[in-house]
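Order-wise, the sequence lines are chains A and B.
First residue of the first sequence: 1, per full-length UniProt numbering; consecutive thereafter.
First residue of the second sequence: 1, per full-length UniProt numbering; consecutive thereafter.
To be clear, the hints were calculated from the coordinates, so they are not data collected in a lab.
From a predicted model like this one, the values you see are computed outputs, not experimental measurements.
For glycine and all other residues, C-beta sits at the position ideal for the given N, C-alpha and C.
Mixed in with the good hints, there may be bad ones.
Claimed, not checked - Sample of chain A residues at the chain B side, in silico, Cβ under 10 angstroms:
no., residue
1, Gly115
2, Ser118
3, Ala124
4, Arg126
5, Met134
6, Leu136
7, Gln143
As the list claims (entries may be wrong) - Not close to chain B: a few residues of chain A, all C-beta gaps over 12 angstroms, as computed:
no., residue
8, Pro2
9, Ile9
10, Leu11
11, Gln16
12, Phe52
13, Val58
14, Val71
15, Ala112
16, Tyr138
17, Leu155
18, Val157
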Amino acid sequence: MPYDWNFSIVLQYMPQLLWGGLHTVLLSAACIALAVPIGVVLGVIRHQRVRFLAPIAVVYIDFFRTSVALVLICWCYYALPILLGVNLSTFTAVTIAIGLQASAYLAELVRAGLGSISTGQWEAARALGMPGTMRLRYIILPQAARRMIPVFFLLVVEVVKTTTLAGIVTYPEIVYEAFRVSTEVYRPVETFTIAGLICFAFLFVTGRIAMRLERRYAAVER
Amino acid sequence: MTEEVLRIEGLRKAYGLLEVLKGIDLTVHRGETVCLIGASGSGKSTLLRCVNFLGYPTEGRIYLEGRLIGRESGGKMAYRESKLCAVRTHVGMVFQQFNLFPHLTVEENVTIGPIKIRGVPPAVAHEKAAEQLRRVGILDKAKDYPSQLSGGQQQRVAIARALAMEPSIMLFDEATSALDPELVGEVLVAMRKLAEDGTTMLVVTHELGFAYNVAHRVVFLHEGTIYEEGPPQEILVRPRRPRTQDFLRGHTAFRMPEPEMTPAAAVDG
Ligand SMILES: Nc1ncnc2c1ncn2[C@@H]1O[C@H](COP(=O)(O)OP(=O)(O)O)[C@@H](O)[C@H]1O
Ligand SMILES: [Mg+2]
Chain A
1 MPYDWNFSIV LQYMPQLLWG GLHTVLLSAA CIALAVPIGV VLGVIRHQRV
51 RFLAPIAVVY IDFFRTSVAL VLICWCYYAL PILLGVNLST FTAVTIAIGL
101 QASAYLAELV RAGLGSISTG QWEAARALGM PGTMRLRYII LPQAARRMIP
151 VFFLLVVEVV KTTTLAGIVT YPEIVYEAFR VSTEVYRPVE TFTIAGLICF
201 AFLFVTGRIA MRLERRYAAV ER
Chain B
1 MTEEVLRIEG LRKAYGLLEV LKGIDLTVHR GETVCLIGAS GSGKSTLLRC
51 VNFLGYPTEG RIYLEGRLIG RESGGKMAYR ESKLCAVRTH VGMVFQQFNL
101 FPHLTVEENV TIGPIKIRGV PPAVAHEKAA EQLRRVGILD KAKDYPSQLS
151 GGQQQRVAIA RALAMEPSIM LFDEATSALD PELVGEVLVA MRKLAEDGTT
201 MLVVTHELGF AYNVAHRVVF LHEGTIYEEG PPQEILVRPR RPRTQDFLRG
251 HTAFRMPEPE MTPAAAVDG
C-alpha cells in the first residue's frame with residue numbers, strides 16, 4: 001500500500017518549523033562565535049609550544065575532543081548552574097557545551113594550519129624586523145586561515161548537526177520543533193521531511209559560501 | 001669609504017657541538033659591496049644569519065653603524081629579542097627562495113614593513129614603495145600577486161621589500177641560486193645597479209662574474225674562517241692560497257653552454 005502523503009496540515013505548522021530552523025542557525029552561530037577565538041588562541045599556544053600553557057591546552061583539547069556532546073550539553077544545563085550558583089538559559093548552556101567542544105577541534109585545525117606555513121615566511125617576516133605577534137597576525141595567520149577554509153566549514157557543518165541535540169534540554173531548535181509538530185498532527189513522515197529539507201537548505205548555503213571563499217583565495221596561492 | 005657600517009669581531013657560531021663559524025673578523029664600509037664566496041657548507045649563510053640575528057652568535061661582537069649589538073654580561077653577549085627586532089629593521093635580507101608573502105600584492109609586500117613596523121603613513125609608504133619597485137624595474141607589477149610573477153621578478157620584489165625599510169646594509173644569500181638560468185641576469189643587473197648607487201651590500205654568491213665586476217672586495221670563506229680576502233682582481237684571478245685556488249678551479253667566471261663542471265672533474269682536467 002503506497003503511503004498517502006499529505007503536506008497540507010504540516011504546512012500550516014511551517015512557521016513553527018522555520019522558527020526552529022532559525023533557532024538552529026542562531027545557536028550554531030553562537031557556538032562558532034565562541035569556538036573561533038578560543039580555538040585560535042589555543043591553536044597558537046599549541047603551535048608555538050608556549051611554556052606552561054601548551055600542556056594545559058593539550059589537556060583541554062583532549063578532554064573536549066573525547067567528550068560526548070550530549071553529556072556535555074546535559075552537564076552544562078543541569079550541573080553547571082548548580083556549581084556556579086547562577087541561572088543559565090538553555091541557549092547559554094548549550095552554547096558553552098558545543099562551543100567549547102568545537103574550540104578544541106578548531107585548535108587542532110589552527111595548529112595544523114600554522115604548521116603548514118613554511119619557515120621561510122616566518123624568517124622573511126622576522127628579517128624585516130617584525131616582532132612575533134606581528135609576524136603571526138599579518139603574515140602567518142592570514143595565510144593559514146586561507147588554507148583552513150575547507151576544513152573549517154566541515155567543522156561548521158558538524159557544529160550545526162550537533163546543535164540538534166539541544167532539544168534534549170528543551171532548546172527550540174529544528175528537530176525539537178519537528179517533534180512537537182509531529183505529535184500534534186500525527187504526520188511524522190511529512191514533518192521530518194520538511195525539517196530535513198530546512199536543514200539541508202541551510203547546510204547547502206553554508207557549503208556554497210565555503211566554496212566561494214575557497215575559490216577566491218585559491219587563485220592567490222602558489 | 002671610511003665609515004664602518006658593519007663590524008664583526010671574533011664571531012663564532014656553533015650548532016650544538018658543530019662549530020660552523022670559527023672566529024670571523026669582517027668590516028663593511030659605507031657604500032661598499034663585499035662578496036662572500038666559498039664552498040657549500042663553509043658557513044656563508046650562517047654568517048649572514050648572524051648579522052641580522054636570525055641566528056644568535058655563540059661568541060663575538062657585531063657592531064652596526066658603530067653601535068655594539070646586545071649587552072655584555074660576563075664576557076658573553078646577551079641578546080634581547082625585542083631589541084633585535086629593531087636591529088633587523090636596519091639590515092635588509094634577501095633569501096635564496098625569495099620568501100615573498102603570497103597573500104599580499106607586490107605593493108603590499110613592499111609597504112607592510114614600513115607601515116606596520118615603522119608606522120609610516122600608508123600614502124608615504126606607497127610612494128616610497130613605487131620608488132623602490134622602479135629601482136628594480138618592476139613597478140608595472142605592483143598590483144599583482146607573487147604567484148603571478150616569474151622567479152626573477154619575485155626576487156626583485158624581495159629586494160625592493162628589503163630596500164623599503166631603508167636599511168644600513170643589504171644582505172644577499174645566494175639570491176640567484178634558485179632561479180632558472182635565463183632569469184639570473186635580470187636580478188644581477190638590479191643588484192649591480194644598487195651597488196653602483198652606493199648601497200652597502202654583503203653578498204653571498206656563486207656568480208663569480210658578478211663578484212669580479214661589482215665587488216669592491218671578495219672574501220673567501222673556508223670551513224668557518226676567512227681564508228683569503230682582497231680585491232676581486234686578486235682573489236678571483238690570482239689567488240695566493242691553495243684552497244682558494246681549488247675552489248676557483250671548480251668554478252667558471254662565465255656562463256658556458258656546456259654542462260657545469262664538478263670540482264672533481266675540474267681538478268682532474
Ligand atoms: N640550523 C642548523 N642546525 C645544525 N646545523 C646547521 C644548521 N644550519 C646550518 N648548519 C650546518 O652548518 C654548516 C654551514 O652551513 P651554511 O652556513 O648553510 O653553509 P653555506 O651557506 O656556506 O652553504 C653546514 O655544515 C650545515 O650543515
Ligand atoms: Mg647557504
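Point to revise | chain B contact restraint on Ser118 of chain A - CB to CB distance below 10 angstroms | key: holds (8 angstroms)
Check your understanding: With d taken as the least Cβ-Cβ distance between Tyr138 of chain A and chain B, does d exceed 12 angstroms?
Key -> Violated: least Cβ distance 6 angstroms, not greater than 12 angstroms.
Point to revise | Cβ separation check - Phe52 of chain A to all of chain B, threshold 12 angstroms | key: holds (19 angstroms)
Review point. Given Gln143 of chain A as an interface hint, is the shortest Cβ-Cβ distance to chain B below 10 angstroms?
Key: Interface hint status for Gln143 of chain A: holds (5 angstroms vs cutoff 10 angstroms).
Practice item. Report holds or violated for the interface hint on Leu136 of chain A, using the least CB-CB distance to chain B and a cut-off of 10 angstroms. Key: Check failed: Cβ of Leu136 of chain A comes no nearer than 12 angstroms to chain B, outside 10 angstroms.
Exercise for review: Using Cβ atoms only, decide whether Met134 of chain A comes closer than 10 angstroms to chain B, and label the hint accordingly.
Suggested key: holds (6 angstroms)
Exercise for review: Grab the minimum beta-carbon distance between Val157 of chain A and chain B and tell me whether it stays above 12 angstroms.
Suggested key: holds (26 angstroms)
Review point. When you look at the beta carbon of Val58 of chain A, is every beta carbon of chain B farther off than 12 angstroms?
Key: Per Cβ check, Val58 of chain A is outside 12 angstroms of chain B; nearest 25 angstroms; holds.
Review point. Would the hint on Arg126 of chain A stand, with a C-beta cut-off of 10 angstroms toward chain B?
Key: Because about 6 angstroms separates Arg126 of chain A from the closest Cβ in chain B, which is inside the 10 angstroms limit, the hint holds.
Point to revise | Leu155 of chain A non-interfacial with respect to chain B [C-beta, more than 12 angstroms] | key: holds (22 angstroms)
Check your understanding: Is Gln16 of chain A truly not at the interface, in the sense that its beta carbon sits beyond 12 angstroms from all beta carbons of chain B?
Key -> holds (45 angstroms)
Point to revise | Cut-off 10 angstroms, beta-carbon criterion: hint that Gly115 of chain A touches chain B | key: violated (17 angstroms)
The structure fails hints 1, 6 and 16 (numbered hints given earlier, in ascending order).
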